[in-house]
Amino acid sequence: MDSAVEITLEDVGHAFTDDRGGAVRALDGVDLTVRDGEFVTVVGPSGCGKSTLLKAIAGLLRPTEGSVRCGGREVTGPGHDRGMVFQDLAILPWRTVRRNIGHGLEIQGVPRAERERRVAQFVELMNLTGFEDRYPHELSGGMKQRVAVARTWAAEPPVILMDEPFAAVDAQTRLTLQAELLRVSLLTTHTLVFITHNTEEAVFLGDRVVVMSRRPGRIKEIVDIPVPRADRRLPELLGEPGVRERADHILRLVREEVG
Amino acid sequence: MPAARKLEGRRAESPPRPAVPRRRRPSLSGPYGFLVPLFLLLIGWAAVKGGFGLADDVVASPGQVAGALWALVETGVLPAFVSVSMGRLVLGALLAAAVGLPVGLLLGLTRYGALMFEPFLRFLQAVSGIAWLPLAIIWFGFTDRTILVVIVYTAAIPVIFNTMTGVRTVPPVYAQAVSTLGGGRLRTLWNVYLPGALPGIVVGLRLGIGYGWRALIAGEMLAGKSGLGFLIFDARRFHVIDTIMAGMVVIGLLYLVVDRMIFGALERLTVRRWGVLR
Numbered sequence: 001m002d003s004a005v006e007i008t009l010e011d012v013g014h015a016f017t018d019d020r021g022g023a024v025r026a027l028d029g030v031d032l033t034v035r036d037g038e039f040v041t042v043v044g045p046s047g048c049g050k051s052t053l054l055k056a057i058a059g060l061l062r063p064t065e066g067s068v069r070c071g072g073r074e075v076t077g078p079g080h081d082r083g084m085v086f087q088d089l090a091i092l093p094w095r096t097v098r099r100n101i102g103h104g105l106e107i108q109g110v111p112r113a114e115r116e117r118r119v120a121q122f123v124e125l126m127n128l129t130g131f132e133d134r135y136p137h138e139l140s141g142g143m144k145q146r147v148a149v150a151r152t153w154a155a156e157p158p159v160i161l162m163d164e165p166f167a168a169v170d171a172q173t174r175l176t177l178q179a180e181l182l183r184v185s186l187l188t189t190h191t192l193v194f195i196t197h198n199t200e201e202a203v204f205l206g207d208r209v210v211v212m213s214r215r216p217g218r219i220k221e222i223v224d225i226p227v228p229r230a231d232r233r234l235p236e237l238l239g240e241p242g243v244r245e246r247a248d249h250i251l252r253l254v255r256e257e258v259g
Numbered sequence: 001m002p003a004a005r006k007l008e009g010r011r012a013e014s015p016p017r018p019a020v021p022r023r024r025r026p027s028l029s030g031p032y033g034f035l036v037p038l039f040l041l042l043i044g045w046a047a048v049k050g051g052f053g054l055a056d057d058v059v060a061s062p063g064q065v066a067g068a069l070w071a072l073v074e075t076g077v078l079p080a081f082v083s084v085s086m087g088r089l090v091l092g093a094l095l096a097a098a099v100g101l102p103v104g105l106l107l108g109l110t111r112y113g114a115l116m117f118e119p120f121l122r123f124l125q126a127v128s129g130i131a132w133l134p135l136a137i138i139w140f141g142f143t144d145r146t147i148l149v150v151i152v153y154t155a156a157i158p159v160i161f162n163t164m165t166g167v168r169t170v171p172p173v174y175a176q177a178v179s180t181l182g183g184g185r186l187r188t189l190w191n192v193y194l195p196g197a198l199p200g201i202v203v204g205l206r207l208g209i210g211y212g213w214r215a216l217i218a219g220e221m222l223a224g225k226s227g228l229g230f231l232i233f234d235a236r237r238f239h240v241i242d243t244i245m246a247g248m249v250v251i252g253l254l255y256l257v258v259d260r261m262i263f264g265a266l267e268r269l270t271v272r273r274w275g276v277l278r
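For the record, the sequence lines run as chains Y and F.
Residues 1 to 259 in the numbering used here are what the first sequence spells out, letter by letter.
Residues 1 to 278 in the numbering used here are what the second sequence spells out, letter by letter.
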């Protein structure tokens, strides 16, 4: 199940009518191929359609124009081949940590013993040992995000989509979570798309960073980060040759869009 | 030396520390809390009766009511009527839940269901179960069925309302998350909307049983040949004030017991543990 697949977006655009009846163009002419096993981060000013893009890949939203394909098949709705980590509150408050992490496996009909084994593995991996039987309201913000990450990983989808998952935690926890995510991303091969408005985070995590323009969201530039994920140390990565310049360049690109 | 012995003795007498820490402060919402206003009520009651010199066939004294209560228990009338009324309440509540839960879920899940039906539900709520009694008596006569219809009608509406509201308060992102884990509609209903709506469902059932209990008493008064409502309404014909008042006390106490036992336990088991109520 953990063989990664390619994601292809062709001329994807999305328009909708907002609450006040105004026409909004969220995305415009987005062409992007995320290669299998690649970690792509998408950065852009808020309201630039990053989340719309991710929802289109997840199948939670049908874009009004263009096509989204995943593993060669047209995306028509959500499915367990595309796991998603949401920004907030998406772990179920009435399930313990254990039952949240095992939820995807439960849905797939994985037998209990196997499920327990895989859950235990992720509990350890995400530093949640001792909290297996706690409910989400008893956890810190960082721990909740770890549960959300573990839940998506445990289901072993070939594609993992992340929508600003660390935006709500403090800077220190954020750095820890980023390092953990880098480590976990190397364990099994997934195709990863990670949305953020933090340019530093985009550089830390992405093999490539997609910079988007302000609304209607278009791809402004795609920047390669020349250090393999396996060799990255956070936050020292920014000191590596070529990385600082690229990070500054990305920041400039985003600033142009905000200003 | 005697002092030391005294200390030793005291230590020996003191009970072993309980493994589970005791409740930190005495609860004012528990049975003790109930006793304080009850005591005040009894004093006020006796004072009004004595102060205004009210005759026994207008207001009975607390002692007379206690006596009547005892007599009702001793003759077996009260146990029989309590079990009849409780049986009707249980059946009515089960039927109200069986109707109200699916309807409430359906209305909550359909985008326009709640918007369309909310005013109508409020209309039905205003036409209380008791207002249906004349029609129910014409349709079903002075039977158990009439009483049951009124209870189910009264109890189902708050169940529908609160289930619907409960479903609508579930953040859509929970359902989206389950769908990205591969869950279908049924899975989402079962794993997201039902548990998410549970606080609302509990409130609905609680209100439903409270309103249903009142409707049941009214129904038994007008259409019953047994039960607590019948007891107090029938006693009126013979001017047995102490029996009427004893029946009223039982009606109130029984409801308290039902509410505490069922819903206290249910809330502790689910809603509070999830931290949803905080």
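Keep in mind the hints are simulated off the structure, nothing from the lab.
Treat the hints with care, as some may be off.
To be verified - Among the chain F residues that face chain Y by a calculated CB cut under 8 Å, a handful are: (1) Gly-141; (2) Thr-143; (3) Gln-176; (4) Thr-180; (5) Leu-181; (6) Pro-195; (7) Ala-235.
What the hints assert, rightly or not - Derived CB-CB ranges, DEER-like: (8) F:Gly-33 - Y:Gly-47: 36 to 44 Å; (9) Y:Thr-64 - F:Leu-256: 53 to 61 Å; (10) F:Glu-118 - Y:Gly-130: 52 to 60 Å; (11) F:Leu-94 - Y:Ser-46: 36 to 44 Å; (12) F:Leu-256 - Y:Leu-234: 58 to 66 Å; (13) F:Val-36 - Y:Gly-130: 24 to 32 Å; (14) F:Arg-268 - Y:Leu-187: 37 to 45 Å; (15) F:Arg-268 - Y:Thr-176: 32 to 40 Å; (16) F:Pro-171 - Y:Leu-234: 30 to 38 Å; (17) F:Tyr-32 - Y:Val-24: 39 to 47 Å; (18) F:Ile-138 - Y:Glu-138: 26 to 34 Å; (19) F:Val-90 - Y:Gly-130: 38 to 46 Å.
Where is the CB? At the ideal position from N, CA and C, for every residue including glycine.
Against the structure, the hints:
no.: 1; hint: Gly-141; in the structure: violated, 46 Å
no.: 2; hint: Thr-143; in the structure: violated, 42 Å
no.: 3; hint: Gln-176; in the structure: holds, 5 Å
no.: 4; hint: Thr-180; in the structure: holds, 4 Å
no.: 5; hint: Leu-181; in the structure: holds, 4 Å
no.: 6; hint: Pro-195; in the structure: holds, 4 Å
no.: 7; hint: Ala-235; in the structure: violated, 48 Å
no.: 8; hint: F:Gly-33 - Y:Gly-47: 36 to 44 Å; in the structure: violated, 53 Å
no.: 9; hint: Y:Thr-64 - F:Leu-256: 53 to 61 Å; in the structure: holds, 58 Å
no.: 10; hint: F:Glu-118 - Y:Gly-130: 52 to 60 Å; in the structure: violated, 46 Å
no.: 11; hint: F:Leu-94 - Y:Ser-46: 36 to 44 Å; in the structure: violated, 51 Å
no.: 12; hint: F:Leu-256 - Y:Leu-234: 58 to 66 Å; in the structure: holds, 60 Å
no.: 13; hint: F:Val-36 - Y:Gly-130: 24 to 32 Å; in the structure: violated, 43 Å
no.: 14; hint: F:Arg-268 - Y:Leu-187: 37 to 45 Å; in the structure: holds, 40 Å
no.: 15; hint: F:Arg-268 - Y:Thr-176: 32 to 40 Å; in the structure: holds, 35 Å
no.: 16; hint: F:Pro-171 - Y:Leu-234: 30 to 38 Å; in the structure: holds, 31 Å
no.: 17; hint: F:Tyr-32 - Y:Val-24: 39 to 47 Å; in the structure: violated, 60 Å
no.: 18; hint: F:Ile-138 - Y:Glu-138: 26 to 34 Å; in the structure: violated, 56 Å
no.: 19; hint: F:Val-90 - Y:Gly-130: 38 to 46 Å; in the structure: holds, 43 Å
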